[in-house]
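Undergrad: Taking the hints into account, I'd like the entire structure generated from these sequences.
4 protein chains.
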Amino acid sequence: MGRARLRDLGITIGRFPTGRYNAITDVPGVTVGHRTLIYDQPSVARTGVTAILPRGESSRQDFCFAGWHSLNGCGEMTGLLWVDDSGMLMSPIGLTNTAQVGLVRDAITQYALEKYAGAGYWLPVAGETWDGWLNDTSAYPITKEDVYAALDAAASGPVAEGNVGGGTGMICHDFKGGIGTSSRLVALRESTYVLGVLVQANYGDRHLLRVDGVPVGRMIGPDVAPLPWTQPPLSSSILVIIATDAPLMPTQCRRLAQRATVGLARVGGYGDSFSGDIFLAFATGSHLARSGDGPQFVQVLSPGDMGPFFEATAEAVEESILNALVAAETMTGYMGHTAYALPLDELRRVMALYRPKL
Amino acid sequence: MGRARLRDLGITIGRFPTGRYNAITDVPGVTVGHRTLIYDQPSVARTGVTAILPRGESSRQDFCFAGWHSLNGCGEMTGLLWVDDSGMLMSPIGLTNTAQVGLVRDAITQYALEKYAGAGYWLPVAGETWDGWLNDTSAYPITKEDVYAALDAAASGPVAEGNVGGGTGMICHDFKGGIGTSSRLVALRESTYVLGVLVQANYGDRHLLRVDGVPVGRMIGPDVAPLPWTQPPLSSSILVIIATDAPLMPTQCRRLAQRATVGLARVGGYGDSFSGDIFLAFATGSHLARSGDGPQFVQVLSPGDMGPFFEATAEAVEESILNALVAAETMTGYMGHTAYALPLDELRRVMALYRPKL
Amino acid sequence: MGRARLRDLGITIGRFPTGRYNAITDVPGVTVGHRTLIYDQPSVARTGVTAILPRGESSRQDFCFAGWHSLNGCGEMTGLLWVDDSGMLMSPIGLTNTAQVGLVRDAITQYALEKYAGAGYWLPVAGETWDGWLNDTSAYPITKEDVYAALDAAASGPVAEGNVGGGTGMICHDFKGGIGTSSRLVALRESTYVLGVLVQANYGDRHLLRVDGVPVGRMIGPDVAPLPWTQPPLSSSILVIIATDAPLMPTQCRRLAQRATVGLARVGGYGDSFSGDIFLAFATGSHLARSGDGPQFVQVLSPGDMGPFFEATAEAVEESILNALVAAETMTGYMGHTAYALPLDELRRVMALYRPKL
Amino acid sequence: MGRARLRDLGITIGRFPTGRYNAITDVPGVTVGHRTLIYDQPSVARTGVTAILPRGESSRQDFCFAGWHSLNGCGEMTGLLWVDDSGMLMSPIGLTNTAQVGLVRDAITQYALEKYAGAGYWLPVAGETWDGWLNDTSAYPITKEDVYAALDAAASGPVAEGNVGGGTGMICHDFKGGIGTSSRLVALRESTYVLGVLVQANYGDRHLLRVDGVPVGRMIGPDVAPLPWTQPPLSSSILVIIATDAPLMPTQCRRLAQRATVGLARVGGYGDSFSGDIFLAFATGSHLARSGDGPQFVQVLSPGDMGPFFEATAEAVEESILNALVAAETMTGYMGHTAYALPLDELRRVMALYRPKL
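Residue numbers (numbering that gives the first Met the number 0), protein chains in the order written: chain A, 0 to 357; chain B, 0 to 357; chain C, 0 to 357; chain D, 0 to 357.
Read the hints as simulated data drawn from the structure, not as lab findings.
Here the structure is a predicted model, which means the values were calculated and not measured.
Ideal placement from N, C-alpha and C gives every residue a C-beta, glycine not left out.
Honestly, I wouldn't trust all of these hints.
Unchecked claim - DSSO-like cross-link-like pairs, simulated, lysine-lysine; straight-line CA separation at most 30 Å:
1. B/Lys143 <-> D/Lys114
2. A/Lys143 <-> C/Lys114
3. D/Lys114 <-> B/Lys114
Claimed, not checked - Computed, partial: chain B to chain C, Cβ under 7 Å:
4. Gly212
5. Val261
6. Ser272
7. Leu287
8. Pro307
9. Glu310
10. Arg348
11. Met350
12. Tyr353
What the hints assert, rightly or not - Some chain B residues close to chain D (C-beta under 10 Å, calculated; not the full set):
13. Trp81
14. Asp84
15. Ala106
16. Lys114
17. Thr136
18. Leu184
19. His286
TA: Next up, the structure:
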């Protein structure tokens, strides 16, 4: 399940409480499955697929509202034009590597056709970040069966972080990156809503890395933890998936997605030019059909209620990225390249240095 | 009330029935008021203000969903960023000329402050097209009292067309243009919804004008009806306001607004480079507060129900523009410039020419 | 090469002259290749791939500016987020069916990796429309070798229309549809620019079909040309690719793409709710590298020069769709479904009926 | 000129050097003028206008590329649709309060008409934030002459910060806010470009305020510096103007504008629901006419060159906001409301507490 979680190290982000597992699966109905490919023959594979189902098996008929935002578009997420115009998410979400995001996209529909006798998913959402430093992408190792395996593995409860699923070969702030997750509880009048985040983190320069405001990246030099490359590769990216059980409408989901930038900026991301920083938010609080027998009754929150959700999104994104960094273990892969894990003892040391001298 | 309406001439657009007045006011609650300024001293005024209240007097507290689309942005419509993020229309809409759209925008809020003891409209929506060929814009003739007068005049029932309100000095397809309106009834299962349109039409070249597909503009030369100018001025635009009582959400309103292009294209518009072709749609089917005591229950239609609304929007926009053209009368104004009305006998003649030889 | 072209029937759209082939390939450097799959065993295939290379073989290093617009997003076109942020088109464009657009997207990069020793295309653009009425999509007949074949077939000169490439199994206004193309010459001061369009037309209701304004669809009933279905399937779409050698910048390309709606509206499209009407424009007038040694010198046109390009785009889109309809031949496919070609003699008859009684 | 600047306190943001004045006016040609209204009779005025001219007096004919981004749209900035479609900034920028942004918008054009004998600015850009806590907005104190005064005052060189111009009555992170500015030098191969920022800061909760990552807001309680209100008002916002002499095209300007979110997030903003967080970037490196005699030659940077500009933008936005906070002085205004300045000694104390125990 990864080396550690951020809160194991005594570091807390923000002011909202977390859900039970501090994971996107704290949002009722949301399930996550990983398919991880790590082997050295016949080619070096350090890749995989992560599947997120907004309502588990019901995701095929019982849709939810959704919206998205792109901080920087040097990346792919399929299906977004239909999210724009329907305002809904009508498929599972697949996260994988750059070279095979098309395969994952096609396979999500094919899975449903085979499993549910002809009723496929429409225009599925599949996103990617580039793992070609550790993974031999030219071998195209992922098969449609791997996508099916990720979908079949989807479950509620704790979510594995670090070198798993789509995040297997990812690198973040020049440390080993990958999958991370976190959640927040937002109390609003008599209700408490859950907001969960999952990231596939593969972006960033070391010198910009901050943990709760502390310039950790500047304090852990290459002498302590070597950089993964001498000449950095061009591509880097982060995918952020945000889920909530609050009854938000599409416009409001888009606004949530846009707040991923706030959490990302606090950790040290700025949407580099060759980065694909793409964020999707969905809200399970309303239930919708693609074609209905009449107007569908849904709930929406007032504009005046959105503030806490925005702040909670920023917190959960910030913590999800940090969870990816503290979970991911050092990995050696393609061409002997090594991406070093963020050293936890060094992290503790630097955080202590910057604690107030009270 | 204008010379005629298109249907008076035996010309019908499309297949959907109209509402009672074939006007935007067929949507229950929508009211329209004009303030028209036509005088020659101390300066030549051919301008005005048109006010559209989505729910009459209740518009200040009882909001509706809204969305917008710009075919070409050489124009101003204030308040659109808040329509984007709230998904709502929280003010009356003011239509006027280019030079004074800021005054109209400020005055809408001031009106509410004065009338309702301190509770103003937020971020009002005010749009403009340029009437400087017939109107001496350098005299800045419109006052805040004129804006108040348009708001006070707002009423349901028939809507004056042609040389009235914001449309007073407008020119369309090189004929006299102005305000036009139309409506459609959309039957969906056991319900019938109303969709109404109002345009301020000030765009277009004569050679592109088509009436129900017939190339009328090419058939009415300057020998028959002189062009308003030898050298056409740069600016030209069309504002389209779409209203419906269907329970659409913001995303769906934006999609309606985008379909104004379809109706406009059929008449002969293409979003010229110096044109401000800006479209706003609102839906009164849901009732919303800016800040609520809890989630608000609303209805939405399925994506699968939107088609007829799109087709009806295109029809009503097409007919609204043509209503503006057949209503507007020849006008002489600033610097002696004259804009000639579309000659109705010529229109009848050309339409007959292109009728099938059955 | 299809049954006929619109101009063979004596029908001309608009006022701009066409290029030599009246095809997208009139834009210097643009090449088009089709791979068409028509067979009945082991499964019924009526599908294919169309490849458009913005600069032929040079497309891999010598980029051009680009922009896009979606009239309705129930469809997929990959790579658009990078077009947004780079402002460039950095890959060939692949057009295909819905089920396999991911495969086509991945294969475009793989093709370059294999052919050019490791230097792939980034984030390729692949679009789709749904051909499942005539094609057994559950057989997933397209292979990466088919994509390679379309890319290898890309050539300048005349372009096959109708039942070819990605358009093989498409249906338009309830007649057989498919691929169509057209071009326009735009004279601007001492220069003449070429603007070309290619469509994959798979949208529309018969009753809305118009040819140069004439309501042809209403005049050709199912008694004369049967409808392809008793109960229309949900999905329908149109992809429009616009190319020009004018030196437009990304903003200006986006504006061109938006004008595809104008041409589409004139023929009878309105962006139905389950339609994917997605438009991409690119301009070869500037040459760009992804990473440069310094600022790159480019030309741009003034906003004041855009009008004729907008009008020409609308014309070329209108004619491209009509070319697809008059080229495509009646096709029988999956489950014995038949899509009937637009009967050319009937088209001639109706057009004559609506000609002026001079 | 304000109490202090951040660097006077020994606090430095980021790694890029600043320009000569550490102000937006470090970008050659950019001028800034303030008109400040502070008086108590006949009404309490704490408001004003700030004018930014992209090229000083030449701004009327010699345009520059521009782009914008809205983090949250509960605010007004006029003229943005034309920035979208022209890709250019064709007017000075006016910053003021919410109630009178329309007046400022209209007056910018009127100023040019009067000064330049009939050649006005098209579709001017005017933005607002709400100063109604300290300023009696119901008195509508700003006149067109005040706008003219701000335009006439525009100059290069040092820029006054804090309680000046449009920022006069603003409140930020529950301290007195207002105008702030900063700049960065970006070296790229043999060139050095300047990037400057000016903010009108009126947003934010105290508990989120961070200075270079240090949680200053949490460490300065209401016992030390009282909150300006017991019940916070709804509205709050930040306008960010970004200028550079790098030869960026519109797409690239928009990307710069989007990075304002990164700097804002580091200080503690997140785009609250009733906030108008609107960002505009312009680039003076290219010179453009609205209508030209031929293609205009411009330079653009490669996508691969944008990264440092993004990072520099984030730094300059962060420092501009902090400059506003350390410059602004405690102010008492309308209804006796007081907004307290960020206490500089407390700021120093907290920063020292969080410095590493080396």
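Undergrad: For every hint, state whether the structure bears it out.
TA: Status of each hint after checking the structure:
no.: 1; hint: B/Lys143 <-> D/Lys114; verdict: holds, 25 Å
no.: 2; hint: A/Lys143 <-> C/Lys114; verdict: holds, 25 Å
no.: 3; hint: D/Lys114 <-> B/Lys114; verdict: violated, 37 Å
no.: 4; hint: Gly212; verdict: holds, 3 Å
no.: 5; hint: Val261; verdict: holds, 4 Å
no.: 6; hint: Ser272; verdict: holds, 4 Å
no.: 7; hint: Leu287; verdict: violated, 24 Å
no.: 8; hint: Pro307; verdict: violated, 9 Å
no.: 9; hint: Glu310; verdict: holds, 6 Å
no.: 10; hint: Arg348; verdict: violated, 11 Å
no.: 11; hint: Met350; verdict: violated, 11 Å
no.: 12; hint: Tyr353; verdict: holds, 6 Å
no.: 13; hint: Trp81; verdict: holds, 5 Å
no.: 14; hint: Asp84; verdict: holds, 4 Å
no.: 15; hint: Ala106; verdict: holds, 8 Å
no.: 16; hint: Lys114; verdict: violated, 13 Å
no.: 17; hint: Thr136; verdict: holds, 9 Å
no.: 18; hint: Leu184; verdict: violated, 32 Å
no.: 19; hint: His286; verdict: violated, 19 Å
Of the hints listed earlier, those the structure fails to meet are numbers 3, 7, 8, 10, 11, 16, 18, 19, in rising order.
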